[in-house]
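A.B. asks: Residue numbers (our numbering), protein chains in the order written: chain A, 1 to 333; chain B, 334 to 839; chain C, 840 to 1248; chain D, 1249 to 1657.
Careful: at least some of the hints might be erroneous.
[What the hints assert, rightly or not] Taking lysine-lysine and the BS3-like style, the derived pairs with C-alpha atoms no more than 27 Å apart in a straight line are:
| id | chain 1 | residue 1 | chain 2 | residue 2 |
| --- | --- | --- | --- | --- |
| 1 | C | 982 | B | 445 |
| 2 | D | 1525 | C | 1130 |
| 3 | D | 1391 | C | 982 |
| 4 | B | 682 | B | 671 |
| 5 | C | 1026 | B | 445 |
| 6 | C | 1075 | B | 453 |
| 7 | B | 736 | D | 1652 |
| 8 | A | 104 | C | 1075 |
Since the hints were made in silico from the structure, they are not lab data.
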Amino acid sequence: GCGASNSASNGSASGNSAASSADKKIKIGLSLPTQQEERWVRDKATMEEAAKKAGVDIAVQVANMDAAKQDSQVENLISQGIDILILAPHDAKAAASTVDKAHKAGIKVIAYDRLITGTDIDVYMSFDNVKVGELQGKWLTEHLDKGNIVWLAGAPTDNNATLFKQGAAKYLQPKIDSGDYKVVMEQPVVDWKPDNALKLMENALTANNNNIQGVLAPNDGTAGGCIQALAAQGLAGKVPITGQDSELSAAKRIIEGTQGMTVFKDTRKLGEAAVEAAIKMVKGEDPGANDKVNNEKMDVPSILLAAEAVDKDNIDKILIDSGYLKKEDVYGK
Amino acid sequence: MSEYILEMKNITKEFPGVRALDDVTFKVKKGEIHALCGENGAGKSTLMKVLSGVYPTGTYTGEIIVKGSTQSYSGIKDSERAGIAIIYQELALVKQMSVCENIFLGNEKVKKTGLIDWDKSYAESQKVLNEVRLNINPNTKVLNLGIGQQQLVEIAKAIAKKAEILILDEPSAALTESETENLLQILKELKSKGVTCIYISHKLNEVFEIADNITILRDGKTVGTEPASEITENKVIAKMVGRELTQRFPRKEHKPGQVVMEVKNWNVHNPDLPELKLIDNASFKVRKGEILGIAGLMGAGRTELVMSIFGAYGTNVSGELILEGKKVSIKNPKQAIKSGISYVSEDRKRYGLVLGMDIKNNVTLSSLEAISKLTLINSNEVIKNTNQYVDDLRIKTPSIEQKASNLSGGNQQKVVLAKWLMTKPKILIMDEPTRGIDVGAKFEIYNIMNKLIDEGVCIIMISSELPEILGMSDRILVMHEGRLTKEFNWEEATQENILTYATGGM
Amino acid sequence: MGNAEINTIAKNNQTALGHTKSIREILVGTLKGNMRQYTMILALLVIWGFFTIVTDGIFISSRNLSNLFLQCAATAIAACGMVLVMVAGHIDLSVGSFVGLTGAIAAQLMVKAHMGTIETIAITIGIGLLLGLFQGFWVAYGKVPAFIVTLAGLLAFRGGVIAITGGNSIAPMNDTFKAIGQGYLPKINPGLPFSDTSALIGVVFIICYLVFEINKRRSRIKYGFEVLPMSLQIAKMVGFSLLIALVIGIMASYMGIPYAILLLIAIIVIFTVIAEKSTFGRHIYAIGGNKEAARLSGININKVNLGIFVLMGLLSTIAGIVYTARLNAATGSAGTNMELDAIASAVIGGTSTLGGAGTIAGCIIGALVMGSLDNGMSLMNANVSAQYIVKGLILLLAVWFDIKFSKRS
Amino acid sequence: MGNAEINTIAKNNQTALGHTKSIREILVGTLKGNMRQYTMILALLVIWGFFTIVTDGIFISSRNLSNLFLQCAATAIAACGMVLVMVAGHIDLSVGSFVGLTGAIAAQLMVKAHMGTIETIAITIGIGLLLGLFQGFWVAYGKVPAFIVTLAGLLAFRGGVIAITGGNSIAPMNDTFKAIGQGYLPKINPGLPFSDTSALIGVVFIICYLVFEINKRRSRIKYGFEVLPMSLQIAKMVGFSLLIALVIGIMASYMGIPYAILLLIAIIVIFTVIAEKSTFGRHIYAIGGNKEAARLSGININKVNLGIFVLMGLLSTIAGIVYTARLNAATGSAGTNMELDAIASAVIGGTSTLGGAGTIAGCIIGALVMGSLDNGMSLMNANVSAQYIVKGLILLLAVWFDIKFSKRS
Ligand SMILES: Nc1ncnc2c1ncn2[C@@H]1O[C@H](COP(=O)(O)OP(=O)(O)OP(=O)(O)O)[C@@H](O)[C@H]1O
Ligand SMILES: Nc1ncnc2c1ncn2[C@@H]1O[C@H](COP(=O)(O)OP(=O)(O)OP(=O)(O)O)[C@@H](O)[C@H]1O
Ligand SMILES: O[C@@H]1[C@@H](O)[C@H](O)OC[C@H]1O
Ligand SMILES: [Mg+2]
Ligand SMILES: [Mg+2]
C-alpha cells in the first residue's frame, strides 16, 4: 500500500487516465542517473511533457551517477507515495536491491534504458546498450579497412561502458584478430570526461607519430575531445571517429566533417512510451511488450526501440526531419 | 656508587651551522639544587633537552649517567622512567585543552577499565594547583590563561610527575615576585623531601637564594661549577659574559617633555565574558622622553590595559585615547602602528613571532611599507636592516635566514624587540621586555631604551621584576585588579610601597 | 561534554561565595553555557522544519526518518574515523576508494569465491586493517603528509576496484550480508503494528544510560564535587530517557531498528569513549592542538598516528560493508566522493580543518545535515541544478549560523 | 631562492673570521644548502627518465614535452592560486566547479550570445572576480572555514554549470578564443623547421634574466653585501640562460610556444613576485605561520584573506578559459576533480597543508609530476587499473623521497 498522493496538481488536466482512478491522481516516480549529459536532460523533459499531457503527476530524481544515491532517492520517491517507478539505473546490478524495495512497497518497476539484472522486473524498455556499441563498431569497420586504431571506452567504473564495448567488440575483434586493425591504444576514459579523452588522443598521436587511421570514441563528449587532438595535427576529418547521443555539437561536427558518426536514440519516443506503459500498468492494463529479454533471473517483458547510426548522409533525415534538432542550430554558425 | 645522582660527560651537540654544546660536562649531587647559568644561546636549554631525551641518544655525543647507570634515551618517556621531569622554557601546553588535561597529559590517571578517570584527575589537579597557589578551575582552557598562569600550570604538571630529578628551565621568567617566592618555597620543600633540582634562571638573586651549586656555561662550553656560598653574583656574571658588569641599570637623567598620550576613563571587558570587567576606569598620561613603568601582580590586568590601547584586545573597550592632543580611536594594531604605537608582547611565541619564518622576515614584518616601492619589498633593505639589528642586539645566530623557531629563547625575544624597534615608534609599549634575557643583554636593552628616550620616544614598560621597574622607570603606575591604584615618581618608589599598592592595600 | 558542563556548574557554585545556587540559576547557567554547543542542532532542526513544511509532513514521517538514518549510515561511520584523523591534523582522502575497494573485495569473496557472510566479513576487515596500517605507516613513520598518502590511496584503491570489478558490477550478496545494510531487527510478534524487539532495545539503552548517570553522580559525590540537586538530576534523567525513547520509537514504529543503525550507534558510543575517555584519544587531541607540546609530554606521536589510520581503515571497511550490503552489489564507482561527505560532516560538526578540535557527536549532526539536505530536496523533487545550488548555500548558511552564534574558534 | 643562497654565503663569509671563501667552498656550500630544494626536481627527472626508457624515447620528444606542458597548463594555473590559499592556511575545493562554470559562461556568451573573444573574456573574468570576492567575503568576514565556503562553491557552481549547459556541450568557440588553449605563436618564416618567433621570445627571456641578475648584483654591491666571485657569477648566468634556451628550444622545435604556456609563464612570474617580493605575499605567509602574531604586527587579516580569494577567483577563471579553449567546448562535467589535482600539485611542491609554507615554483614542479605520470602511463598504454595503482604509488614515493632527502618539515 502506498500513501495518498498529496503533491500540488499542475492545473486540472482533463486527462482520461486521471479521471478513471476516482479522486486520486496517478503519480509516477522517475529516477534518472544524471543530468550532466544532454540525452538524459531530454529524457527528463520528454517524460515530464508526456505526463503533463496525460494528466498524471511525475516526481523526478537525479542520482548524479551514484548508485547509492539513486537507491536513497528511490526510497524517497516511495515515501512520497508514487504508484509506479520508472528506473533508469546508474548501475544495472546495484539497482536490483532498489527494485526490491519498490516491490516490497507494492510498486511496479519499469527498467528504463538499461536492463536491471538479477531481480524481477515488470517491464524493460530501451535501446539496447550492446546494440549501440554494435552500431559504433559496425560503422567503423565500414569506414576503415585496415590500419591503426585507438579504442576508447567509457568510464572504467561505469557498467554501461562495458556493455558498449562488448557491442563494438563484435565488429572490431574479428578485424583485430585478422590483423587488419592494430589497436595502438586501448583505454577507458575516466569519468567520461572529454578532457581526459583529449589527453589520451594527444598521447596516442604522439606515441604513433600520427600514424592512426581510426578512432572508436564511446560517446559524443569524448569524441569532441579526440577531435581537438586530431585537429591540432591537422587530422580532423581525415580519421574516422565514432560517437553516440546525437548531441548538438556532435551534429555540427558531423556536418563539418570532423566527426564520422553518432548514434541516435530517440529518447522522446522511449520517454513517451514509458509514461504510457506506466499509466497502463497502474490501471492494471497490459503495457504491450513486444519482446522478452533475459536478465539472469527471468525473461523480462520488453519494449525495445531501435537505435540508429547517424552520419553525414542521413543526418538531415534522422535528426532534423524528426524534429530532434533544429536545422538552424545545426547549420547556423 | 658516586656521590652524583646525575653525570653528563663530554656532551657535544650540533645543529646545522651551530655547535650548541661543546664537550660539556655537568654533574649534580643527590638532593641538591643546582643552578645552571649562562648567556642567551649558551646552551642551557639544549643541555637539558639532551638530558630529558628530547634529543635522543645518537643525536649527540657524550654520556649520561643517572644513579650510576649509563642512560640511553629514545624519547622523553625513557627519561621520565629514569625519574627525570622537566619544565621547558618554551611552554609546552596544549592551548585547546583544559588545565587538568594538560597536567596529566602523557601520564593520565586511568581506571581499571583503561579509561581515564576524569573525576580523579580533576581532584588531583586541584591539589597540585593549590600547591603552586594557582586558584583556577582545572577545567579552564589553557588558552584563557595569561602567560604567568600558564607557567604555573607547567610547574604543577612537573610536580605531579613526582620525579626524583626536576629540571626547571627559566620557570620564573613569567612570574611576579610573589609567585616566584612561592615557587622557591616549593623547591625548598621538594629538596627537603630528597628531590634533586636543576634550576635555570637569568635572575641571579633567585639563584643565590636557593642554589647549592652553580654551573656556568658559555658558548656551549662549561666554564666551571662553584658552590653558591663561595662565589658572588658579579663573579657569576663575569664568568657568563666574559667581562665585568659593574652596573645593572644604566639610569640616565631624562627630561620629560609634553604629554604624548593620554588615556581617560579606560574600561575593558573580557571579550568572551562581557560581564567580567578587566580594566576599571583607568586614566593616565605618558610624556615625551620618559619611561613609564607599570607594576602589578599577575592577573592585575596590565597586559589587557596596554593590549586594548594597541587595539588588540577584543572590541569591548571604552574610554578616550588622546595622542599628541588629538582624540583618536584605534580599532586594530594596524591603526596603532600607523599612529606611532608599538607593542612588544609578553608572549613571544603566541603574539610575537612567526616561528616558521626566518629572522629577517620576522624583523621586518611590521615595517614592510617603509622598505617597499609599489608594494614590492626591497630585499636588500631587508637584509641591511636585519643585519643592523642582529648586530645592535647581539642576536646569536649563524645566519639571518635561520628560522625563529631554531633560536634560543632569549634570542627569540631579541628578534621580537628588533621587529618593534624597526617600526620607529613614538610610543613603545614593552610588556615584560627582558623576559628570558640574560644580564648582559638586558643591560644592552636598557641602553637602547635610553637611546630611544633621547630620540624623543616615550616608553611604557610593564615588568614583573621590581628591580627593573625601580631601576629604569621615571614614573611608576601600580595596578591592582584592573584599577590603577597609585602613581609614584621613581625617587619615592620602593619595593615595599609598590607591593602594598599592588596587593590592594592603601 | 556532560562532565565539563557539570564541572562548570560546580565551579560557579564555588565562586559564588559559598551560596548554593537556586535551581533557576543552575538552569539558566547551563543553558547559557551550552546554548552555544547546540547551534548546529538548532540549524538541523530548522532545516527539518523547513522540509517538513514544504513536503506536507512527508519529511518527518517515521518512514522517511528511518530512511534518512539509513541513508546517512555509511557516511556517518566513515565520518567518525575522519574526526580522529582531522583532530590529529591529518586528512583522509582515500575513504571513498577504500569503501569501494573493501566492498569489491567482499563481493568478490562472496560472489566469486562463494564464501559465507562471516568469512567474507572477517577477511575483508583483515584486509581493511592492513590497508589502514599501510597508510598509517607512511604517515607516521614515512613522515609523508596524510594528504599525499591518502591521495595515493584514493588513486591506488580505485585502481584496485577497477581491477576487481573489471567494469562489471558484482552481485548479489547473501541475505545475511545484505541484512547488514538493508535489514531491520525482526519482530518477535509479527502481529504488532510496531517492532517489539526494537522497543526492547530502547529500554535497554535507557537503562544503560540511567546506570551510567547514577554511577557518575556517585563518583562525584565520593570526590566531594558539587552535583545537581536531586530534582534537577531526576528531570535530566527523565528528559534524556524520553529523547532516547523518541528516536528509537520513530524507528520502531516503522519497520524496527535497522541493523546498520545499531552498528552505527555502537560505533558512536565506542568512538566517543575513545575520543573523550581513553588516553589514546586524548593524545590525538594533544597532537592536533600542539604537536611539539604533545611530544614534550612524552606522547609517542608515531604510534598514535599509526593507530589513527588503522582505526580509520577499520571504519572505512565497515562503511564499505554497509554500503555494499545496502546496494547488494559492488560497483566500479562505489564510494566515489564519500571522503568529501565524511570530511564535510566532520567540519560541519565543528571539527577544525587545522586539527585539535572536533567531536564524534558533532560529526553525526554534520552527517545528518548533509543527509537531510539530500533527502529533503529529493522529496521536494527539486530540479538538479537548483538542488546543487541550494545545498551549497544552505551548507554555507548553516555553518555560518553556527559560528556566528556559538563562536567556535 | 637565489637570493637566500647568496645571503647564506655572505653571512658564512662574515662568520668565517673574515677569510674570503674559495670558489670550491662556495660551490660546495651552495650545493649543500640547496641540494635539498632540488630533490623534487630530481624525482621529476627520475620519473622522466623512466618514461623515456619505457616509451623508447617518445616521452622526451619535443612534441610530447610540448603536449605535456599544455596538458598541465590549466591545472598549473589553478595551482598557483592554490599555493597562496594554502599558505594562508585555507583550502579551495571549488576550483573544479569554478573552472566548469566560468568555461560554461564563456561558451554561453560566445555561442549563444554571439559575443567576440574580447568581450567574452572580459565578462567572464569579471564574473570570476565576483565569485572569488563572494567566497573571499564569507571566509574573511563571515569567518566560515574556507573548507565549507568552497565546498558550498563546489556544489553551487556545479549547479550553475548544469543550469547553463543543460547537460549539453556548448561548442564551438571562436578561433581566437580557441587559440588561447590550442594555438602556438605563429612563425614569421613558415619555411623554417623551428618557430622563429618562439626563439625570439626565448632570447627576450634570457635578456630579461641577465638584466635582472646584473641589476641584483649591482644593487648588492651598492649595499656592500658579499657577491659571488665574477667567474661564478658568469657561470651561473650562462647556466640559467642555457636552461631557458633548452626549455624554449623544446617548444620552438615542435610547433612553437603555445599561447597557454606564455600565459602560464607570465602567471608564474607574477605570482612568484607576489609571493616573494610583495608585502601582500609576505602577509600571506605570516598569517599562515601565526595568525595572532600577524594581526599584532599590523596586518589586516580580513583584507588579505579577501584578496587571496579574489586572486584565486581570477586564476580559476583563467584556468577555465584555457580549459574551455583547449576542449573547444564547455561541458557539464568540465573541471570535475581539478581541485584535487591543483591541491596535489601544491602539496607535492612542498606547500604545507597546515599553512605557512609553499612556493609557486614548487607547485609547478608538482603539476609537472602529476601531469607526467598521466602522460607517461597513457603513452605506455598501460592498463587503467595499473595506471591508477602505479600513479598512486609513484606519487607517494616521490614525495617520500623529497621529504626524506630534503627534510622539509
Ligand atoms: N633546533 C635548533 N636548530 C638550530 N639551532 C638551534 C636549535 N635549538 C637551539 N639552537 C641553537 O643552539 C644554541 C643554544 O641554544 P639554547 O636554547 O640551548 O640556549 P640557552 O642557553 O637556553 O639560551 P636562553 O637563555 O636564551 O634560553 C643557540 O645558538 C641556538 O640558536
Ligand atoms: N584570552 C583571554 N581570554 C580570557 N581571559 C583572559 C585572556 N587572557 C588573559 N585573561 C585573563 O585576564 C586576567 C589578566 O591576565 P594577565 O595575567 O595577563 O594579567 P597581567 O596583569 O598582564 O599579568 P602578567 O602580565 O603579570 O601575567 C587574568 O584573569 C586572565 O585569566
Ligand atoms: O548515453 C550514454 C549513457 O548511456 C552512458 O551511460 O553514459 C554516457 C552517455 O553518453
Ligand atoms: Mg633556553
Ligand atoms: Mg601581562
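A.B. asks: Under the criterion that the straight-line Cα-Cα distance not exceed 27 Å, is the pair residue 104/A, residue 1075/C satisfied?
C.D. replies: violated, 41 Å
A.B. asks: For the pair we were handed, residue 682/B and residue 671/B, check the Cα-Cα distance against 27 Å.
C.D. replies: holds, 24 Å
A.B. asks: What's the verdict on residue 1391/D and residue 982/C, does the C-alpha distance respect the 27 Å limit or exceed it?
C.D. replies: violated, 31 Å
A.B. asks: Tell me if the straight-line CA distance from residue 1075/C to residue 453/B falls inside 27 Å.
C.D. replies: holds, 24 Å
A.B. asks: Next pair to validate is residue 1525/D with residue 1130/C; report whether the Cα-Cα distance is within 27 Å.
C.D. replies: violated, 31 Å
A.B. asks: Is residue 1026/C within 27 Å of residue 445/B, Cα to Cα?
C.D. replies: It is violated: about 38 Å lies between the C-alpha atoms, which goes past 27 Å.
A.B. asks: Is residue 736/B close enough to residue 1652/D, meaning Cα to Cα at most 27 Å?
C.D. replies: Holds: residue 736/B and residue 1652/D sit about 20 Å apart, inside 27 Å.
A.B. asks: Keeping to a limit of 27 Å between CA atoms, is the pair of residue 982/C and residue 445/B held or broken?
C.D. replies: violated, 34 Å
Violated hints, in rising order: 1, 2, 3, 5, 8; the structure is consistent with all others.
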